[in-house]
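*Asks:* Please construct the entire structure, taking both the sequences and the accompanying hints into account.
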Amino acid sequence: GLRRLMTPESSQGGNSIAAKAINPFKLCFGVQDPQVPLPAGVVAGQHGQRLELTEAQILQFEQDGVIMIKGACKEWVDFLRAITDFQIENPHIWSLIGRASGLYDYIQRNM
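Going by the working numbering, the first residue of the sequence shown is number 10, and it counts up by one from there.
Please note: incorrect hints may appear among the correct ones.
[To be verified] The calculated label-pair distances, taken between Cβ atoms and stated as ranges, are:
1) D73 - P46: 32 to 38 Å
2) I76 - L36: 39 to 45 Å
3) F38 - K79: 38 to 44 Å
4) A65 - V86: 34 to 40 Å
5) Q69 - R90: 27 to 33 Å
6) N99 - Q69: 37 to 43 Å
7) L62 - F95: 16 to 22 Å
8) V40 - R90: 17 to 23 Å
9) I67 - Q44: 35 to 41 Å
10) R90 - Q58: 16 to 22 Å
11) I78 - N99: 17 to 23 Å
No wet-lab data here; the hints were simulated from the structure.
For each residue, glycine too, the CB sits at the ideal point set by N, CA and C.
*Replies:* See the structure below:
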């Protein structure tokens, strides 16, 4: 789904996502850990998961430069949703770059 910088509640005096990102008292510093488990079968530090492609998919990719593989990332959706929600609720100092540029992009740095 699409996320808005202002929610209906925030337009009535609540706290918007954008306001959190520019509020120095709400910013986090250092490495953040959302404590969200990886999808089943994924182990941190191991090689990426392999996706088996058919010869037809490879040929289509070579011809078109892009293919759609339905369901290829299905097990990652809940994980990505949870860590995105965490980032929005716990903005990092690097989020100021996104706000200064007029975009609301998060830049997460692990130092």
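*Asks:* Tell me, which hint numbers fail for this structure?
*Replies:* Per hint list: 4, 7 and 11 violated.
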